[in-house]
Every structure is written in C-alpha cells, then in structure tokens.
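Asks: Same order as they appear, the protein sequences are chains A and B.
Counting from 1, one number per residue, gives the positions in the first sequence under my numbering.
Counting from 1, one number per residue, gives the positions in the second sequence under my numbering.
No lab work stands behind these hints, which were simulated from the structure alone.
Quick caveat: nothing in here was measured; it's all calculated off a predicted structure.
Among the clues, some could well be false.
Identical chains share a label here; the pair holds if one copy fits it or two copies do between them.
Stated by the list, open to error - Mimicking DSS-like on lysine-lysine, the simulated pairs with C-alpha atoms at most 27 Å apart in a straight line are: (1) K87 / K55; (2) K326 / K342; (3) K221 / K165; (4) K25 / K55; (5) K110 / K87; (6) K221 / K110.
One letter stands for each residue in the lines below.
2 protein chains.
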Amino acid sequence: MALIVQKYGGTSVGNLERIENVAEKVIGWRARGDHVVVVVSAMSGETDRLIGLAKGITPRPDPRELDVLLATGEQVTIALLCIALEKRGCPARSYTGGQVRILTDNAFNKARIQEIEASAMRAELDAGRVVVVAGFQGVDEDGNITTLGRGGSDTTAVALAAALKADECQIYTDVDGVYTTDPRVVPEARRLNRITFEEMLEMASLGSKVLQIRSVEFAGKHNVPLRVLSTFQEGPGTLITFEEAFEAETMEKELIAGIAFNRDEAKLTVLGVPDRPGIAFSILGPVSDANIEVDMIIQNIGRDSTTDFTFTVHRNDYERVLEILKQHAAQLGAREVSGDTKIAKLSLVGIGMRSHAGVASRMFQALAKEGINIRMISTSEIKISVVVDEKYLELGVRALHEAFELDKVA
Amino acid sequence: MALIVQKYGGTSVGNLERIENVAEKVIGWRARGDHVVVVVSAMSGETDRLIGLAKGITPRPDPRELDVLLATGEQVTIALLCIALEKRGCPARSYTGGQVRILTDNAFNKARIQEIEASAMRAELDAGRVVVVAGFQGVDEDGNITTLGRGGSDTTAVALAAALKADECQIYTDVDGVYTTDPRVVPEARRLNRITFEEMLEMASLGSKVLQIRSVEFAGKHNVPLRVLSTFQEGPGTLITFEEAFEAETMEKELIAGIAFNRDEAKLTVLGVPDRPGIAFSILGPVSDANIEVDMIIQNIGRDSTTDFTFTVHRNDYERVLEILKQHAAQLGAREVSGDTKIAKLSLVGIGMRSHAGVASRMFQALAKEGINIRMISTSEIKISVVVDEKYLELGVRALHEAFELDKVA
Chain A
1 MALIVQKYGG TSVGNLERIE NVAEKVIGWR ARGDHVVVVV SAMSGETDRL IGLAKGITPR
61 PDPRELDVLL ATGEQVTIAL LCIALEKRGC PARSYTGGQV RILTDNAFNK ARIQEIEASA
121 MRAELDAGRV VVVAGFQGVD EDGNITTLGR GGSDTTAVAL AAALKADECQ IYTDVDGVYT
181 TDPRVVPEAR RLNRITFEEM LEMASLGSKV LQIRSVEFAG KHNVPLRVLS TFQEGPGTLI
241 TFEEAFEAET MEKELIAGIA FNRDEAKLTV LGVPDRPGIA FSILGPVSDA NIEVDMIIQN
301 IGRDSTTDFT FTVHRNDYER VLEILKQHAA QLGAREVSGD TKIAKLSLVG IGMRSHAGVA
361 SRMFQALAKE GINIRMISTS EIKISVVVDE KYLELGVRAL HEAFELDKVA
Chain B
1 MALIVQKYGG TSVGNLERIE NVAEKVIGWR ARGDHVVVVV SAMSGETDRL IGLAKGITPR
61 PDPRELDVLL ATGEQVTIAL LCIALEKRGC PARSYTGGQV RILTDNAFNK ARIQEIEASA
121 MRAELDAGRV VVVAGFQGVD EDGNITTLGR GGSDTTAVAL AAALKADECQ IYTDVDGVYT
181 TDPRVVPEAR RLNRITFEEM LEMASLGSKV LQIRSVEFAG KHNVPLRVLS TFQEGPGTLI
241 TFEEAFEAET MEKELIAGIA FNRDEAKLTV LGVPDRPGIA FSILGPVSDA NIEVDMIIQN
301 IGRDSTTDFT FTVHRNDYER VLEILKQHAA QLGAREVSGD TKIAKLSLVG IGMRSHAGVA
361 SRMFQALAKE GINIRMISTS EIKISVVVDE KYLELGVRAL HEAFELDKVA
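Let the sequences and hints guide you as you build the complete structure.
Replies: Laid out in structure tokens, this is it:
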C-alpha cells in the first residue's frame with residue numbers, strides 16, 4: 001500500500017466534467033489500495049478572472065488582500081472535487097492551505113513554504129479518506145492567507161509529499177510526460193521514461209514548461225520521486241528521479257536527455273570596454289539594480305587591452321537594458337553598445353555528457369552541416385547552450401535531435 | 001467616537017463600482033471619527049453560481065464541502081473591498097469567518113454562532129484600521145468551515161456588534177427603511193423612523209423581507225440597536241429598538257406599526273374529525289415528521305362530537321401535505337380533507353394594540369366595507385392575522401392602511 005500525492009492543474013479541473021473525471025482517476029488509484037492525497041489548482045481561467053476583478057479596482061492591489069482573493073480559486077476546486085468523490089461513495093475531505101496548516105513566510109503573492117503540519121492529513125488517511133488540498137496557498141504565522149505565486153500548486157504537491165514521506169508525487173498535466181524536445185518542432189520527439197532532477201531543472205529553466213522549477217528543486221532537495229503524466233490519456237508518464245538510482249538501473253546511460261530551446265531572450269553586447277578587473281560588475285551592476293534577470297553571460301579573451309562583453313536578458317527587458325547600458329557606456333569607456341532581439345537559444349541537456357567527451361563538437365558539427373552560425377556558446381556540467389539567429393531555431397533543434405538519435409531508445 | 005458595525009448585502013456589493021461606492025461610504029463614517037467594522041455578503045448572483053456548480057455534480061452535495069465552496073463568495077468580497085479601501089489610503093484588513101474566529105456549531109449549511117473572538121478585531125480598530133469581515137460563515141471547533149444559511153450575513157453583523165458592544169449595527173440594503181407596508185401595493189406607505197424588535201419580528205416573519213428573522217431575534221436578545229438603511233440613497237433609515245426606550249420617548253404611541261402580507265401560503269382543512277384529546281397531534285404529527293413547517297393553526301369549537309381542523313403551510317408544501325393527510329384521513333376518522341392555495345394572509349402588527357381594545361373590530365369592519373370575506377383569523381399579543389381570498393390581497397392591504405391612517409405620522 002503506497003502513499004501517493006497527486007496534483008491536478010487548472011486544465012485538468014477546468015470544468016465540472018473534468019473534475020468528475022479526476023474523481024474517477026483518484027478512485028481508481030484508491031481501488032488499488034493506495035492512500036491518496038490530491039492537490040488541485042483553480043479551475044482554468046479562474047485565477048485570471050479574480051486578478052481581473054482586483055485590477056478593475058486598482059492596477060496595484062494590496063498584496064495581502066490579493067492573496068485573500070486568489071486563494072478562493074483553489075478553495076472552489078477542493079470543494080467541488082470532494083463533492084464529486086462523496087457522490088461516488090468515496091469518503092473525502094477538503095483542506096485549505098490554512099486548514100492543513102501549510103505555514104509560509106509572509107511574502108504575500110510569492111510566499112515560500114516553511115513547514116507543513118502532516119498530522120491532520122495522516123489522521124484522515126488512516127480513517128480511509130481521500131484528502132484534497134488547495135494548492136498554491138498557505139498561511140503565515142499570524143494566520144494571514146498567503147499564496148505561493150503562479151504555478152505554486154506543483155510546489156504544494158511536492159512539499160506535501162515530502163512532509164508525508166509519500167512514495168511518489170504525481171503531477172497530472174495536459175502532456176503525457178517530458179519529451180526529448182517539443183514535438184511541435186520535432187515530430188519524432190520521444191517521451192522519456194526517466195529523467196534526472198538535474199536534467200529536468202535544466203530542461204525546465206530552458207523553456208520546457210512542464211513543471212515549475214521551484215517544485216523540481218524542492219523535490220530534488222527532499223528526495224521526492226516526481227512523476228509527470230497526463231490527466232487525459234493513460235500512460236506511465238516520465239519519472240523524475242535521482243541520478244544514483246538511475247545509473248544503477250540502466251546499464252548504458254543515455255548521453256543526452258533532451259533539447260530545450262527558448263526564443264524569449266535578447267542579447268546585448270558592450271563592445272571595446274577596457275579589459276580590467278571589475279568591468280563585469282560595472283556593466284551588470286546597474287542592470288541588476290533595475291531588478292532585471294540576466295541569463296547567459298559571455299566574455300571572451302581581450303584584445304588590445306579591450307574586450308567585448310555579451311549577455312542575454314528576457315526579450316521584454318531588452319529596451320530598458322539597452323537604455324541603462326547607453327547611460328553607462330561613456331563612464332565604462334565602452335566603444336559601442338549593440339543588441340539583437342532576433343535570437344534563439346538551443347540547449348543540449350544530459351547527465352551523460354559529464355563523462356563523455358565529444359558532445360560539444362558533435363553538436364557544433366551538426367549545426368555547421370545545416371549552415372547555422374553560432375553566435376554565443378555557454379556550457380555547464382550537464383548542458384551546452386548555443387545562441388543562434390532566431391530563424392534557425394526549428395532547423396537547429398531538428399538537426400540536433402537527429403544527430404544525437406534522440407528518437408531511438410538508448 | 002462610536003463603534004459601528006455595518007453590513008452590506010449582495011446587491012450593495014454587486015459589482016466593482018458598487019464595491020467602490022461602499023468604500024466611499026465607509027470612509028465617510030470613518031472621517032467622522034467612528035470605528036467601523038464592515039460585514040459583507042457575496043456579490044449578488046455569486047452564491048447562486050456556486051450552488052449551480054455543486055448541483056451540476058449532484059443534486060445533494062456533501063454538506064461540509066458545500067460550505068467550503070460557498071464560503072469563497074464572501075471571501076472574494078472582503079478582499080475586493082479592502083483593496084478599494086487601501087487604494088483610497090484607508091488602512092483596512094479583511095477577515096474570513098475562521099480568521100476572526102466566529103465559532104459555530106457543526107451544523108453545516110445552517111450553523112449557529114456560539115462565540116466570537118473579538119480581540120483581533122479590537123486590535124485592528126485600535127491600530128486605526130477598518131475591519132472587513134466575511135458574513136455568513138464561521139468555523140466549528142475542529143476548524144471546519146461552516147455557513148449560517150441564506151441571509152446569514154445579517155446574523156454575522158449583529159453577532160459581531162454584540163461581541164464588540166457596538167453602538168449601532170447598520171444593515172445596508174436596497175430599501176431605505178422599514179415601511180408601514182409594501183409601497184408597491186400602497187403608494188402612501190410611509191417609512192417608519194422606529195419600530196420595536198417585537199413588531200419587526202412579526203413584520204419580517206409575515207413577509208416584509210427587509211431583515212433576516214434570526215438576526216432580529218439575535219439583536220433583540222443582545223440589546224444591539226439595529227438600523228436598516230439604503231446603500232444607494234442618503235437617509236436615517238429605520239431604527240429597530242427596544243420597547244422601553246421607545247415608549248419613554250414618544251408621548252403618544254402609534255397603535256399599529258404596519259401591515260404585513262403573504263401570498264406564499266396554502267390552507268388545508270380536515271373536516272369532521274372526532275372531537276377528542278390528541279386529535280391535533282394525530283393530524284400534525286405526520287406533517288411535522290415530514291419536516292414541513294406549519295404556520296397558522298385553527299380549530300373551532302366542535303359540533304356533533306366532531307370538529308374541523310385547519311392550518312396553513314408554505315404553498316410549495318401543499319401537495320405533499322395533502323397527500324399525507326389523505327393517507328391518514330381514514331385512520332383519523334375524518335370525513336373529508338380539503339384545501340386551497342388561492343389564499344393570502346394580511347396582518348396588522350403593532351405593540352400599541354396590546355393596550356388598545358377595538359383594533360380587531362376596526363380591522364374586520366374595514367375589510368367588510370370592501371366586501372372581503374375573512375376565511376381564518378388568528379391573533380397574538382401584537383398582531384392580528386386574517387386569511388382572505390388571494391384576489392383581495394391588494395384591496396385589503398389598502399383598506400387597512402387607510403383605516404388605520406398609516407400614511408400619517410401619529
């Protein structure tokens with residue numbers, strides 16, 4: 001008898017028919033003898049409707065009260081799911097974040113979970129009930145309602161799984177797992193049976209929007225086995241697991257887990273700055289002061305005592321960053337500031353590449369064969385990212401998918 | 001500096017514009033130096049929408065979960081009102097029933113308030129904040145969310161006023177006070193400046209749907225001065241007050257406070273039952289077992305050792321009661337069971353009639369003058385009710401309003 005925490009997102013509970021479908025699924029798991037804790041999001045569209053109400057009063061609603069408002073979205077879903085379960089004769093009980101006591105800090109709208117009281121849930125499970133918990137919300141020490149920010153229901157599910165020492169945390173969504181890359185770009189893209197937490201983190205942060213990054217980090221930190229699967233079709237999904245276990249089980253490890261890509265970025269280059277200590281800080285300090293996040297950062301070896309410094313930001317921040325750099329260019333002694341928004345980032349991700357040489361050269365070769373010029377390169381232990389012209393995005397992803405034979409099971 | 005509890009119903013907070021209007025009103029009171037606690041209902045239509053969702057799953061939703069669902073309606077309003085107050089620079093903080101700690105019993109869907117924790121609200125008021133509380137909801141001892149049943153927000157407001165020892169509890173609604181009768185029937189109907197709790201109870205239970213009966217009872221019991229007034233137009237409204245204070249202030253007491261009427265009832269008669277002890281119970285026992293409420297009950301002196309027994313029920317229950325009576329008729333030894341749904345009840349209500357003879361005869365005379373036949377009569381200390389054919393309802397109300405000169409201030 002296993003203890004399973006399941007999370008169903010907004011699309012999975014988007015209308016009454018779908019909520020009843022989730023009830024059927026939950027009952028199916030329970031029939032196998034498992035204990036089930038279910039975490040649900042607000043019905044799709046509901047959070048936006050509530051934000052619309054608040055914004056109808058003021059563009060900057062009071063953060064505490066915004067959380068009081070938004071928390072109702074998940075509260076509606078927990079009640080409806082329990083009603084659907086009880087109707088089917090399955091004993092169930094709903095819990096708001098405050099009722100479980102999911103204790104968070106008091107950073108309204110983006111609170112972090114600090115502690116979860118598991119005893120009430122355990123008692124319900126022991127009494128044979130399904131426990132249905134509102135995702136995305138908690139309470140601070142003073143009993144104020146808080147929310148974890150968008151997508152926080154994944155984090156709730158993982159945190160509950162950790163607190164309950166669950167055997168598995170299942171994230172139900174509208175895709176049936178994690179793919180080697182986006183099937184809309186590469187029709188041969190293959191669902192992965194397993195992926196490591198590290199790989200998943202790189203895949204998620206690079207634009208494969210299956211899971212909240214925070215929830216993956218949390219799961220990895222607390223050793224919670226995480227499975228992504230579809231609400232709408234049967235299948236094993238993708239298990240996100242620990243490297244050790246993974247390596248022990250598979251004789252030949254896959255070199256590359258998948259290819260992530262991202263076209264939300266823009267690059268900026270400060271040309272001809274003096275090649276001296278502190279220059280990186282002088283350039284990025286004002287950007288960071290403006291609360292703008294920087295992704296890739298590249299500085300090559302200097303020439304003639306000057307160097308070129310390039311970095312990427314979210315495309316929405318491009319104009320602001322360009323302005324900041326121009327303001328500081330003279331002071332930096334820079335020759336010129338330039339930028340480009342028509343770029344795309346392609347990333348190969350794989351735990352396996354750590355111990356295999358030649359991945360990078362094979363990647364560059366595959367891109368060269370298609371005549372794709374590489375503008376920037378950045379590498380980490382388990383990832384190689386390149387920036388190319390946006391128009392080459394799809395071609396590049398397909399070329400890499402084929403070159404690394406990702407359509408075939410290793 | 002007074003402490004005022006205000007309650008705004010669903011129509012008063014029916015959209016964002018109206019919520020902003022309520023914020024302005026609250027700020028107006030606060031500007032006078034008063035401490036203000038505001039109780040709000042769900043936005044009009046919201047509770048019905050939520051019930052519709054639950055009923056979309058099953059006609060008999062789990063009671064505990066229905067309360068979890070319905071409680072979100074008021075939670076949305078408290079957040080939006082606080083957002084509107086804070087936007088105007090007025091410090092405000094929202095409280096759900098559970099956050100205040102409005103402790104109720106665990107009768108889901110129709111819980112009763114047992115205790116209110118006033119300390120958190122007092123601290124907020126002392127800190128200069130407006131406190132906005134979700135009406136209609138509480139928590140039981142185990143922390144389960146409960147609701148007080150329809151219209152329960154009035155009860156919340158009165159209970160908070162009692163717990164806080166407020167100077168006045170103001171119920172804002174879409175009418176500007178309590179009238180001598182329905183102005184749609186009698187254009188000359190006059191707004192009462194004051195009415196006693198007892199009169200208000202009789203008026204409310206007889207169909208003048210300005211206030212929840214339970215909240216009036218509660219206010220009377222806890223000596224909370226209650227004022228009904230309009231959200232949409234300025235004016236003093238009607239103060240519902242204690243008889244003693246009332247009598248001391250007014251030299252000449254008004255004989256009649258007003259005329260209530262009701263066309264929701266149906267009457268049933270069991271003819272020719274044996275005139276012996278226990279017969280009333282034999283007839284009404286099965287009706288009460290079916291959870292049907294009985295209003296007027298009349299049994300006249302018997303003839304030939306049999307008697308006729310008549311009572312009224314809500315018109316929706318008529319068919320069921322008729323069936324029950326027919327099932328039991330033989331066993332009762334009754335000659336016949338008959339009934340009529342085309343009836344109306346008119347009631348004169350007034351503390352004054354207690355010490356004045358002749359009110360009843362004046363009433364009967366006024367009705368006789370218009371050729372209205374009286375089918376049933378029932379009296380209490382401060383009320384005389386008659387049942388007439390439904391078609392005479394308006395004529396009867398107008399005749400009585402004129403006969404007792406209710407359009408003139410006494």
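Asks: Checking an output row: K110 and K87, CA cutoff 27 Å. Within, between, both or neither?
Replies: Answer is between; shortest inter-copy Cα gap is 21 Å, intra-copy 35 Å.
Asks: One pair to classify: K326 and K342, alpha carbons no more than 27 Å apart. Within, between, both, or neither?
Replies: within (20 Å within a copy, 84 Å between copies)
Asks: State whether the alpha carbon distance between K87 and K55 is at most 27 Å within one copy, between copies, both, or neither.
Replies: Result: close only across copies, 11 Å inter versus 37 Å intra.
Asks: For K25 vs K55, is the C-alpha pair at or below 27 Å within one copy, between two copies, both, or neither?
Replies: Between. Shortest inter-copy distance 21 Å satisfies the 27 Å Cα cut-off; intra-copy 36 Å does not.
Asks: Is it within, between, both or neither when you check K221 against K110 at 27 Å Cα-Cα?
Replies: Intra 20 Å, inter 46 Å, cutoff 27 Å: intra-copy only.
Asks: Within a copy, between copies, both or neither: where do K221 and K165 come within 27 Å Cα-Cα?
Replies: Result: close within a single copy only, 13 Å intra versus 52 Å inter.
Taken one by one, the earlier hints all hold for this structure without exception.
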